[in-house]
Every structure is written in structure tokens, then in C-alpha cells.
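Trainee: Going down the list, the protein sequences come from chains H and F. Numbers -16 to 114, taken from the working numbering, label the letters of the first sequence in order. Numbers -16 to 114, taken from the working numbering, label the letters of the second sequence in order.
Keep in mind that the hints were calculated from the coordinates and are not lab data. Since the structure is predicted, the reported quantities are computational estimates derived from the model, not experimental observations. Mixed in with the good hints there might be a few duds.
It does not matter which identical chain is meant; a pair holds if it fits inside one copy or across any two.
Here are the simulated SDA-like pairs of lysine to any residue, each with C-alpha atoms no more than 20 Å apart in a straight line [to be verified]:
| no. | residue 1 | residue 2 |
| --- | --- | --- |
| 1 | Lys(-12) | His50 |
| 2 | Lys97 | Glu17 |
| 3 | Lys97 | Arg45 |
| 4 | Lys97 | Gly16 |
| 5 | Lys97 | Glu37 |
| 6 | Lys97 | Arg46 |
| 7 | Lys(-12) | Thr62 |
| 8 | Lys97 | Glu47 |
| 9 | Lys(-12) | Ala13 |
| 10 | Lys(-12) | Glu34 |
| 11 | Lys97 | Asp12 |
| 12 | Lys97 | Ile(-10) |
| 13 | Lys97 | Glu26 |
| 14 | Lys(-12) | Ser44 |
| 15 | Lys(-12) | His90 |
| 16 | Lys(-12) | Thr15 |
| 17 | Lys(-12) | Ile111 |
| 18 | Lys97 | Met112 |
| 19 | Lys(-12) | Gln70 |
| 20 | Lys(-12) | Asp69 |
There are 2 protein chains.
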Amino acid sequence: MGASKAIEQCLTLTPSFDASGLLACITIDAATGEVLMLAYMNEEALRRSIETGEAWYWSRSRRELWHKGATSGQTQRITEMRVDCDQDALLIKVEVAGDGSACHTGHRTCFYRKVALDRRSVGTPALIMND
Amino acid sequence: MGASKAIEQCLTLTPSFDASGLLACITIDAATGEVLMLAYMNEEALRRSIETGEAWYWSRSRRELWHKGATSGQTQRITEMRVDCDQDALLIKVEVAGDGSACHTGHRTCFYRKVALDRRSVGTPALIMND
């Protein structure tokens, strides 16, 4: 069994961090399944997320550990964590505290704009606000 | 209005590729909303995805454009595309052809293992098969 099959089949969490030491993490709403955001965790953020049961990320723009909601009040309680086949991506289900928004813009989800695919023949695609 | 607010509020798709020229892309099942996989698109993969209406990715391991399902038959027809606040991540809703599995392991989703968070006090977390 090659290294990759071992990672796909093993029953131990053996995360495969990228060259920057990060895993992508998809965060979804525990109640509705809606995708709220995509962020990154380094080893320390993953350890804290597992130990505290709240989402910690690594902010690539600020280059620092980030306890989601620590300042805004919208902390994320993790109810479930999954890992993908090659263990380089995580999926967490969360309950968002405070006003329930996951995006710093105030939207519930970061994915509040839809790409207007039906207008794709006329150059740069437009975006439609769609929360 | 700063550059970041402009990106958050504009109604034009202006993707922010990372240092490797990639955007993270979350792929979900159009019918159920289930998260199927996380992959990456470079500019060419994004262009082809928009133009053909089928998912194209950039394979980081093989370092090549990747028309998902071209060999397996499990192509992904895109019914909706969203972009996040800072335009460095995409969300696509897809209808999977063939046997409906999105993962090369044969699982429907790449996230077929759950992290055993309740056993987190005893060292390395275990994984539970859970498709």
C-alpha cells in the first residue's frame, strides 16, 4: 500500500500541511449545512480547535493565530470535524454565537455573491448579491 | 474605500489568486448541499469551468489542468458558482455524472472520515469511517 493509500484509509488523524504549514478548512453551519466560510489552520490552530471545541484559524493576511469571534462575539462551537481523503483539508460543522454571522462583512456566509454564469459570454462575469 | 472593501462589495468577478496562482474551490452537491470535495482552480481552470459549465481544477500533485471526471466519467456539471468576500475562494454547486461519486477513492464525498473529538484527550485523534 503506497503512502497515499495509507493516508486515505488510515483511522488516525495525520494532517498533511502544505508548504506554508496550512490546511484548508471549510466551515459549515451545523444546523443547516450551509457553507459559511473557507479559512486555514496551521498545526497550532488545529490543536486549539480540537482542545477547546471552538474554531481557531491561521490568518494568512494578518499572519497570526485567530480565535474566530474573540473580538466580534461570533465564536464558532465545533460540533463535528471531518478530514478529506488525502488529509489536506478539513470540514467543521459549527454553531455560531452572537448574531450568527460568520463573515466579517456582517453577512451570514462569506459566499454572499453568486457569479452570473448565464452572462458568461459577455466578458468578465458579473456578481449578484445573494445572501 | 480601501482595496479590500472594494473587493468585498464589487459586483464583478475579480478573483484574488494566491502566490501559486490558485483559488480554493469548495464543491457541493447541487441537490443535497453536501460538501463533496475541496480543490483548487488556477485562472485557466476557472475560465474553462465558466465557459464549459463543467468543473475544471488545477491538480497540485500532478501539476496539471484537470477536467474532473474526464477519465472516470464522474464529470461535474456546475449549476451555481459563488465567490467569497475577499474573492480568494469559490463555491460551486454541481451535479455529478456517472455513479455520482466525487472522490477518487469511490466515496461519494472526500470527507468520509469524522474526527473522534470525544476522544481528544487521549493523544492523536482517531478517525471514524462515516460516509
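Trainee: Hint by hint, say whether it matches the structure.
Mentor: Here is what the structure says about each hint:
For a Cα distance limit of 20 Å, the shortest separation of Lys(-12) from His50 qualifies neither inside one copy, at 34 Å, nor across copies, at 22 Å. In the homo-oligomer, the alpha carbons of Lys97 and Glu17 lie at most 20 Å apart both inside one protomer (14 Å) and across protomers (18 Å), since each shortest distance falls under that limit. For the homomeric pair Lys97 and Arg45, neither the shortest alpha-carbon distance inside one copy (27 Å) nor that between copies (30 Å) is at most 20 Å. Taking the shortest alpha-carbon separations for Lys97 and Gly16, both the intra-copy value of 18 Å and the inter-copy value of 16 Å come in at or below 20 Å.
In this assembly of identical chains, Lys97 and Glu37 lie within 20 Å of each other by CA distance solely across copies; the values are 17 Å between and 29 Å within a copy. In this homomeric assembly, Lys97 and Arg46 never come within 20 Å of each other (Cα to Cα): the closest approach is 29 Å inside a single copy and 28 Å across copies. Proximity of Lys(-12) to Thr62 under the C-alpha cut-off of 20 Å is found in neither arrangement, the shortest distances being 28 Å within a copy and 32 Å between copies. For the homomeric pair Lys97 and Glu47, neither the shortest alpha-carbon distance inside one copy (30 Å) nor that between copies (27 Å) is at most 20 Å.
In this assembly of identical chains, the alpha carbons of Lys(-12) and Ala13 never lie at most 20 Å apart, being 30 Å within a copy and 29 Å across copies at closest. In this homomeric assembly, Lys(-12) and Glu34 never come within 20 Å of each other (Cα to Cα): the closest approach is 28 Å inside a single copy and 34 Å across copies. Taking the shortest alpha-carbon separations for Lys97 and Asp12, both the intra-copy value of 19 Å and the inter-copy value of 16 Å come in at or below 20 Å. In this assembly of identical chains, Lys97 and Ile(-10) lie within 20 Å of each other by CA distance solely across copies; the values are 14 Å between and 35 Å within a copy.
For the identical chains of this complex, Lys97 and Glu26 are inter-copy neighbours only, at 18 Å across copies versus 32 Å inside a copy, given an alpha-carbon limit of 20 Å. Taking the shortest Cα distances, Lys(-12) and Ser44 sit within 20 Å of each other only across copies (14 Å), while inside one copy they are farther apart (34 Å). Within a single copy, Lys(-12) and His90 get their C-alpha atoms only as close as 40 Å, which misses the 20 Å cut-off; across copies the closest is 14 Å, which meets it. In the homo-oligomer, the alpha carbons of Lys(-12) and Thr15 never lie at most 20 Å apart, since the shortest distance is 32 Å inside one protomer and 28 Å across protomers.
Taking the closest pair of Cα atoms, Lys(-12) and Ile111 come within 20 Å of each other only across two copies (16 Å); inside a single copy the shortest separation is 41 Å, beyond that limit. For the identical chains of this complex, Lys97 and Met112 are intra-copy neighbours only, at 6 Å inside a copy versus 33 Å across copies, given an alpha-carbon limit of 20 Å. When the C-alpha separation of Lys(-12) and Gln70 is checked against a cutoff of 20 Å, the pair qualifies only within one copy, where the shortest distance is 11 Å, while the shortest distance between copies is 33 Å. When the C-alpha separation of Lys(-12) and Asp69 is checked against a cutoff of 20 Å, the pair qualifies only within one copy, where the shortest distance is 8 Å, while the shortest distance between copies is 35 Å.
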